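K.L.:
Now for the letters of each chain:
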Amino acid sequence: MKSRHKKLLAIGLAVAGLGIIAALVLNAFQSNLVFFFSPTQVAAGEAPSGRAFRIGGLVESGSLKREADGLTVHFVVTDTAKTIPVTYKGILPDLFKEGKGTVAEGSLGTDGVFTATQVLAKHDENYMPPEAAHALEQAQKAQATVVQQ
Amino acid sequence: MLGFLLTVIRRDLLLAARRRGDWLTAQFFFVMVVSLFPLGIGPEPELLKRIAPGVVWVAATLASLLSLSRLFADDHRDGSLEQMLLSPEPAVLLALGKAIAHWLIYGIPLLLVAPVLGIQFALPAEAIGVLVLSLAIGTPILSLLGAVGAALTLGLRGGGVLLTLLILPLYVPALIFGAGAVDAMLAGTGVEANLSLLGAFFMLSLLVAPWVSAAALRVSME
Amino acid sequence: MLGFLLTVIRRDLLLAARRRGDWLTAQFFFVMVVSLFPLGIGPEPELLKRIAPGVVWVAATLASLLSLSRLFADDHRDGSLEQMLLSPEPAVLLALGKAIAHWLIYGIPLLLVAPVLGIQFALPAEAIGVLVLSLAIGTPILSLLGAVGAALTLGLRGGGVLLTLLILPLYVPALIFGAGAVDAMLAGTGVEANLSLLGAFFMLSLLVAPWVSAAALRVSME
Amino acid sequence: MMQWASWDAFWAMGGYGLYVWGSFAVTALAIVIEVILLRQSGRQTLARLKRLNKWETE
Amino acid sequence: MSINWYKFSAPASFYGLAGRLAPWFAWAAALLTVVGLYLGFFVAPTDFQQGEAYRVIFIHVPAAWMSMFIYLVMAAWAAIGLAFNTRLSFMMARALAPTGAMFTFVALWTGAFWGKPMWGAWWVWDARLTSELILLFLYVGIMALWAAIDDPRRGDKAGALLALIGAINVPIIYFSVQWWNTLHQGSSIKPTGSSMDEVMLAGMLIMAFAAWFYTAAVAFVRVRRIILERERHTEWVKHVLESA
Amino acid sequence: MNPHPVLSVHGLACARGDRTLFTDLGFELAGGELLMVQGGNGQGKTSLLRLLTGLSGPVAGEVRWRGEAIAKSREAFHRDMAYLAHANGIKEDLTPLENLRFQAGLAGRGFDTDAAEQALRKLGLARCLDLPARVLSFGQRRRVALAGLLIASALLWIMDEPLTGLDVRGVALVESLLREHLQRGGMVVMTTHQALTLDGASVRTLQVGRREDA
Amino acid sequence: MNPHPVLSVHGLACARGDRTLFTDLGFELAGGELLMVQGGNGQGKTSLLRLLTGLSGPVAGEVRWRGEAIAKSREAFHRDMAYLAHANGIKEDLTPLENLRFQAGLAGRGFDTDAAEQALRKLGLARCLDLPARVLSFGQRRRVALAGLLIASALLWIMDEPLTGLDVRGVALVESLLREHLQRGGMVVMTTHQALTLDGASVRTLQVGRREDA
Ligand code: HEM
Ligand SMILES: Nc1ncnc2c1ncn2[C@@H]1O[C@H](COP(=O)(O)OP(=O)(O)OP(=O)(O)O)[C@@H](O)[C@H]1O
Ligand SMILES: Nc1ncnc2c1ncn2[C@@H]1O[C@H](COP(=O)(O)OP(=O)(O)OP(=O)(O)O)[C@@H](O)[C@H]1O
Ligand SMILES: [Mg+2]
Ligand SMILES: [Mg+2]
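Chains as they are written, first to last, in this note's numbering: chain A, 1 to 149; chain B, 1 to 222; chain C, 1 to 222; chain D, 1 to 58; chain E, 1 to 244; chain F, 1 to 214; chain G, 1 to 214.
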């Protein structure tokens, strides 16, 4: 084999290899590979069964209830399509609020209630002063009313 | 070219056959590390099943790493590595051949032993299947990357540990995806994503590692 | 006689100081093995806490074993072991000194790092205390027994792996009692029984191991 | 002091003092250590090289 | 004597240049730090969701950026050194690594100290955090390899090879928040614009520049030391040593 | 025979660690010539030989083979050259014959079992053919390495202290091998601290390292 | 001087693996005498020397020191003996001087820094005093080991090919060291394949291995 042929062969193999890599990676990202599962995924049976896993989503507005002991809480995690009720006993992170993101670890009972052993807050990437946030909220509400009308 | 590659592989296989004790010991190490865990952690079956993928994968990693530290060291000490680098054939093939031989000698037996260990940890049959499959894709990665590390640390004192330090960070993705695949199987979620990424990582190592090890070998000879 | 013992220890400390990289790397290896498990097993805190004692103990075992494989090897290769055995002083002191130096160099830092790893695995403070205490009694056992293995496997190829094979079974009791003590702490039962047994095992190794290693050294010189 | 009612409020950081100051303190410490090490090793290198060169020209 | 010793080799002239630049960069870093911290602590408003805890951002983000940026620059120097066998490139790579490791550590530490109050956990094994930890391991591994090899030329090349393979980790760190769903937040600064208040953003960017200048200053000082060591047999170094 | 120098070295400089061993070293060598590299302990003989083989790279200067820099024509050069280093490069677990077989395979050469066996016999290893190299004495191992050199049928031999460990007969044997090789038009670059009798051969010497220590 | 033999060997036999190297070997050595062990490659010289040091045990026979078997009087014997093996026994990370210091400590001897430095200088290592042994050339390392032998002030020197790697000056140096040692009433058992000029010293030879191979 001439050295030019060798070079061509090497380049050909490299290109083929890169192609395979790209295909495999794309395939992987089409499948699920996640730190947590969304309620929709759980509903679709994609989440693990009979063992601990994480769910993530927003805390549904108005769903947060505290029991008398002050530690046990109930809330509902939603991704706007599906919802999962959660119970948790322990201290909640400061950022845990209705309407905000959360990631809860625990297991799903047969009654469809998710018993969490750890609840984390997942915040978004927005940083602004409260006034601005308030103004933004107002604006959004105004827009929403405009749309409704 | 192919002849050279085959000679490199045949030579290492013959040497391994002459030193069967070495080879057996490496396999034994793997079995032993895995078996230590039930001793250290306690015999709770559910717990053991949960940690089985991670433990088997970590043990396989460590077992391969230990044998990898000698991949070029013996040839370096007795001067035959020098002679091989003076061959007219390209050093990439040498590095590739050495990695392939290492996998044949130390990787394949791991695959054969793994099912037994899986049973020891009460893994269900499908999970054992995924475990073996993930190891089959994952252990060659270690042989390839490890060859880079072995070449870089050639002749340094404490090379074995240094090798580990250099290679483990690079190897972490394989560990995560490999153990992740088995875990996903146990959890009843899809294993495909993990295995695809593992495969992609394998292809990447196959493309890159031999060149880097060859360069590293030349550097270490200076 | 004491002078000889001190010379042996001082010499190894000086050599370790000259090669600070080696030493740091061994510590890093320990940290890394422990950190691998969360990657392989998954990040569930409750689970991690459960397996923490076993993982830390197994990792400490492996880290010590790796450095042990070089306990006599370097001295053997460059011929200084031969010279030391030709000293008029008894070889038992040599073996003992080497084991003590090994513990000072590789054992003590493990004790210092262990708390950090305990925190990584979310262990409570008292459990971390017991972990360190159990390691403090257990790691010298490893240095002492490991010296026996290192002497036995001296000059054999693949000595490192063979060493593991020989010594791990002997070390299993230390592992069980050591991890057991921490486990007992976590479970809220008494730790005393485990620690007492560990202490007894330590005394036994201290009495027996140096003699055996000295004899093994002479044998491997033949 | 447009943001803070008092120095106490400043140090309290709205209850997050430990975390905010813990972050900044360790960062400062890391930088100080790096600078000190750099100076030290610079001085050592200089001294060592001087010694070596003198010894070699002897 | 008025011989211009520095004319004779690239390291020699760079030695002088680095010496002249380092103080300027150091002062710039100090100045920017003061301005940045002032903006960050006294001008920037409280955040609407994180309260005062968000102020960790002024050190976390610059440190995280620098940890990745320094790695890339180091790998680039290493690649140049391997390709063209230029001694100075390897020296630059060596001079950068410790500072990169330092910033990686700081990013990890401040991230943990931020995560505890905000997320409710010091540490989780998500993709962003794990890959950043691997970055620290890579830095340490490269430095350990350099330390273990006595022959500087061999050490240079060996470390450079390792640095190059490790470079693949940097895009993984950066894009991890997009590729996988992580607990770590997504990017606040995107090509399309930022989702941050202007004053906050200004403080953060100024602190990032401060970190950049600091890195440059420290690297210059360190590379001067390395140059002296490597070139100690040359006339100009002997001259420098005599006059020092 | 080629009247032009086949191996030529120009302005070679070598540094180990931070010590410069030699600078501006140059020589030319044609077929049938032997170059004896001389110098006391630690003067840089081994370092020079490794530069010549291309195993390490020079700080300055160039080694040329048939007029081309060996860095560029590596393959052709290594096809023509055989290097006997201080380490013998034989595997302890293989018999002498197996050692030679794999050496040939790795060098991309064909292997003739009879020729190899003959070379081993010539070097006085007739009784060791079936033993693993591990049990051979130091001198016997050196002889195996020499046999490897012999069957490589290379044009250029680079030999670092080939006589270490050889007894008196061994030394005489090496001398006759060298003479034969040179007569066939081969070339040799070698070092040794021992005396060597090579009457009739065209021997040149090269002094490495300026200052004499000690 | 002791008129009786100080070192005596009786009916010594040695087997390596399944091969008998020598049987019924005996000799006596008194102060001021040098025993040159001769034999071709692989005849068992190294094996004999290791038997003499007590590092390995004989199949049959006995080595006696001042009339007592060395297996019994190990401590006294090792106080009087120094062994220069093929491996130098020096640590690569220590400087020559540190190496000598620890050697002395490990041998339970006192250490005189000045004397050690002088020995190193005598062996031509003046310029290497501050370097780690790692960067020394092969010949220079051999010289460090020889310096260790020198300051051990032992009565009996056992030396396995002390000349390997030494340049011409080095060989001359060793010759003069040997002469001095013998004149002081010391004893030497050694091997070498090179020629050694020791006029005036009482040199005896011992042939190891019957058959001459090769
Ligand atoms: C140990 C834990 C953490 C690590 C290792 C880490 C790592 C990183 C890294 C490498 C970056 C730079 C990549 C980029 O610019 O996208 C980054 C950016 C950032 N991190 Fe973290 N982080 C940690 C925890 C946190 C926490 C707890 C928060 C907030 C609560 C946070 C907020 C941010 C923000 C706001 C950015 C800037 C994003 C941008 O605009 O690009 N990080 N972090
Ligand atoms: N890293 C280093 N730092 C300083 N000096 C070094 C280093 N490596 C090698 N040297 C020096 O370079 C020289 C090595 O030369 P080389 O091994 O080529 O010698 P040689 O001529 O073959 O000697 P010998 O006859 O003893 O084999 C020695 O003098 C040694 O001290
Ligand atoms: N395990 C074994 N099986 C068979 N033969 C062996 C074994 N070990 C050693 N030998 C033989 O014993 C001899 C070793 O002798 P030794 O090393 O003492 O030789 P020597 O006289 O020192 O030779 P040299 O001059 O080459 O150093 C060799 O001939 C070797 O082949
Ligand atoms: Mg040499
Ligand atoms: Mg011998």
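Honestly, I wouldn't trust all of these hints.
Unchecked claim - Simulated crosslink set (PhoX-like; lysine-lysine; CA at most 20 Å straight-line): (1) A/6 to F/72; (2) C/49 to A/89; (3) A/65 to A/97; (4) A/65 to A/6; (5) A/141 to A/82; (6) A/141 to A/89; (7) E/238 to D/50; (8) A/97 to A/82; (9) A/89 to E/116; (10) E/238 to A/100; (11) F/122 to A/7; (12) C/49 to B/49; (13) E/238 to C/49; (14) D/54 to E/238; (15) A/82 to A/100; (16) A/89 to A/65; (17) A/97 to E/116.
Hints listed in this document are in silico derivations from the structure and should not be mistaken for laboratory results.
Values in this document were obtained by computation on a predicted structure and should not be read as measured data.
K.L.:
Taken at face value, is the distance from the CA of residue 82 of chain A to the CA of residue 141 of chain A at most 20 Å?
P.N.:
Between residue 141 of chain A and residue 82 of chain A the Cα gap is close to 23 Å, so the pair fails against 20 Å, i.e. violated.
K.L.:
With the threshold set at 20 Å, check whether the alpha-carbon distance from residue 238 of chain E to residue 49 of chain C stays at or below it.
P.N.:
Violated, because 59 Å separates the two Cα atoms, which is more than 20 Å.
K.L.:
Tell me if the straight-line CA distance from residue 97 of chain A to residue 116 of chain E falls inside 20 Å.
P.N.:
Roughly 16 Å between the alpha carbons, so the hint for residue 97 of chain A and residue 116 of chain E holds.
K.L.:
Please work out if residue 238 of chain E and residue 50 of chain D have their alpha carbons no farther apart than 20 Å.
P.N.:
Measuring from Cα to Cα gives roughly 8 Å; hence the hint holds.
K.L.:
Has the given pair, residue 238 of chain E with residue 100 of chain A, been kept, meaning a C-alpha gap of at most 20 Å?
P.N.:
Distance ~66 Å between residue 238 of chain E and residue 100 of chain A Cα, so the pair is violated.
K.L.:
Verify the proposed pairing of residue 65 of chain A with residue 6 of chain A, using a straight-line Cα cut of 20 Å.
P.N.:
violated, 71 Å
K.L.:
CA of residue 141 of chain A to CA of residue 89 of chain A, is that 20 Å or under?
P.N.:
violated, 34 Å
K.L.:
Run the distance test for residue 82 of chain A versus residue 100 of chain A: straight-line Cα separation, threshold 20 Å.
P.N.:
holds, 16 Å
K.L.:
So if I understand the rule, the pair passes when the alpha-carbon distance is 20 Å or less; does residue 97 of chain A with residue 82 of chain A pass?
P.N.:
holds, 19 Å
K.L.:
Is the hinted pair residue 49 of chain C and residue 89 of chain A satisfied, with a Cα-Cα distance of at most 20 Å?
P.N.:
holds, 19 Å
K.L.:
For the pair supplied as a hint, residue 89 of chain A and residue 116 of chain E, is the alpha-carbon distance within the 20 Å limit?
P.N.:
holds, 18 Å
K.L.:
Mind checking the alpha carbons of residue 89 of chain A and residue 65 of chain A for me, to see if they're no more than 20 Å apart?
P.N.:
holds, 12 Å
In this structure, the hints that do not hold are numbers 4, 5, 6, 10, 11 and 13, in rising order.
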